[in-house]
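**Q** Throw the hints in and build the complete structure from the sequences for me.
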Amino acid sequence: MSANPPELDQALRIFSAGQRPQAVTMIEGLVARGMPQAMLLLGHMKWGGHIAQDPVGARRLYERAGSAGSHDGAVAATNLLASGIAGERNWLAALERLKSEAASDPARKAALDLLGAMELDASGNPQSLPDGDVLSDSPQVTLYRGVFSPAECAYVLKIAEPGYQPSMVYNAQRQLVRDPIRSSDGSVLHWLIEDPAIHALNRRLASLAGLPPENGEAAQVLRYNPGQEYKPHHDFVRAAENQRTMTALVWLNDGYDGGETAFLRTGLKVKGRKGDAVVFRNTQPDSSLDPMSEHAGMPVKRGTKLLYNRWIREARWQP
Numbered sequence: 002m003s004a005n006p007p008e009l010d011q012a013l014r015i016f017s018a019g020q021r022p023q024a025v026t027m028i029e030g031l032v033a034r035g036m037p038q039a040m041l042l043l044g045h046m047k048w049g050g051h052i053a054q055d056p057v058g059a060r061r062l063y064e065r066a067g068s069a070g071s072h073d074g075a076v077a078a079t080n081l082l083a084s085g086i087a088g089e090r091n092w093l094a095a096l097e098r099l100k101s102e103a104a105s106d107p108a109r110k111a112a113l114d115l116l117g118a119m120e121l122d123a124s125g126n127p128q129s130l131p132d133g134d135v136l137s138d139s140p141q142v143t144l145y146r147g148v149f150s151p152a153e154c155a156y157v158l159k160i161a162e163p164g165y166q167p168s169m170v171y172n173a174q175r176q177l178v179r180d181p182i183r184s185s186d187g188s189v190l191h192w193l194i195e196d197p198a199i200h201a202l203n204r205r206l207a208s209l210a211g212l213p214p215e216n217g218e219a220a221q222v223l224r225y226n227p228g229q230e231y232k233p234h235h236d237f238v239r240a241a242e243n244q245r246t247m248t249a250l251v252w253l254n255d256g257y258d259g260g261e262t263a264f265l266r267t268g269l270k271v272k273g274r275k276g277d278a279v280v281f282r283n284t285q286p287d288s289s290l291d292p293m294s295e296h297a298g299m300p301v302k303r304g305t306k307l308l309y310n311r312w313i314r315e316a317r318w319q320p
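The numbering of the sequence shown is this note's numbering, which starts it at 2 and goes up by one.
Just so you know, not all the hints are guaranteed correct.
[Stated by the list, open to error] Derived DEER-like restraints, expressed as beta-carbon distance ranges:
1) Gly70 - Gly50: 24 to 30 Å
2) Ala123 - Asn226: 40 to 46 Å
3) Gly70 - Lys110: 17 to 23 Å
4) Val178 - Glu97: 43 to 49 Å
5) Leu13 - Asp132: 52 to 58 Å
6) Ala123 - Arg303: 41 to 47 Å
7) Lys270 - His72: 45 to 51 Å
8) Gln285 - His72: 46 to 52 Å
9) Gln285 - Ile182: 21 to 27 Å
10) Glu242 - Gln23: 34 to 40 Å
11) Pro7 - Ala118: 41 to 47 Å
FYI, nobody ran anything at the bench for these hints, they're computed from the structure.
A quick note: this is a predicted structure, and the numbers were derived from the prediction, not measured.
No residue lacks a Cβ here, since even glycine has one placed at the ideal position from N, Cα and C.
**A** Quick look at the structure:
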């Protein structure tokens, strides 16, 4: 049985039947009447592109929904306030909101507790970073030990768990098919679920890469079972105006065989321990694409490999 008010369910049925303008008008009317569920739904529709995409308007609706009593709306608004996506960024205000939410939500308390163990400045940036071991100059590859703590690795995996899907791409016929290059499953930690704790981890990786945190794409957790791999590829995007300059990978577990990250043109193979990170450059100092950055995730032979992946662009990333 639906938890939505009957009027909202009716609007959803009309929307599903293809009468979208009429349904949106009904939902907007319910928003005007102060219904928090309608505010949250309209926010999701504007955020996800089910109607004309409007992230700024969606964020305002999440804020309104939260103020009107929607916990999910409040959570989304807090997460976006922490990251500064689609509006202002206010880290300290986001933490105050998180403390309030943690009083009644164990998941938010877990995020708050994790943040409490981090050494952060007033903007959420790390106060210190581990030293790196330069493994290669061309391509530029640096290994950092203990970037994520065991508790942070466990937290990331818990957040990622509900979202795993097979890696998919569009073929020439614009059909969604399994990615022929990457056979892993992936869970995207998109901006609505990138809570303040995940955001602090992303800022840590950006600091290691030497780029602003807002340049990062949404992080992904990749899961490789035996036989799964990421075939040879480059992370840069040809002809992109805002290039993927850096890649940061964090190993989230131990106990598997195979699965090394191999840089094919140099013979370098990297396999860190749980919590270690490798950061490498996909472009050359003049911003041209670096063919030497070609790499592969070698097949896993035994066990499961879990990897945190974040691509960082040369300028602020807005999909």
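**Q** Which numbered conditions among the earlier hints are violated in the structure presented, ordered from lowest to highest?
**A** No hint contradicted; all consistent.
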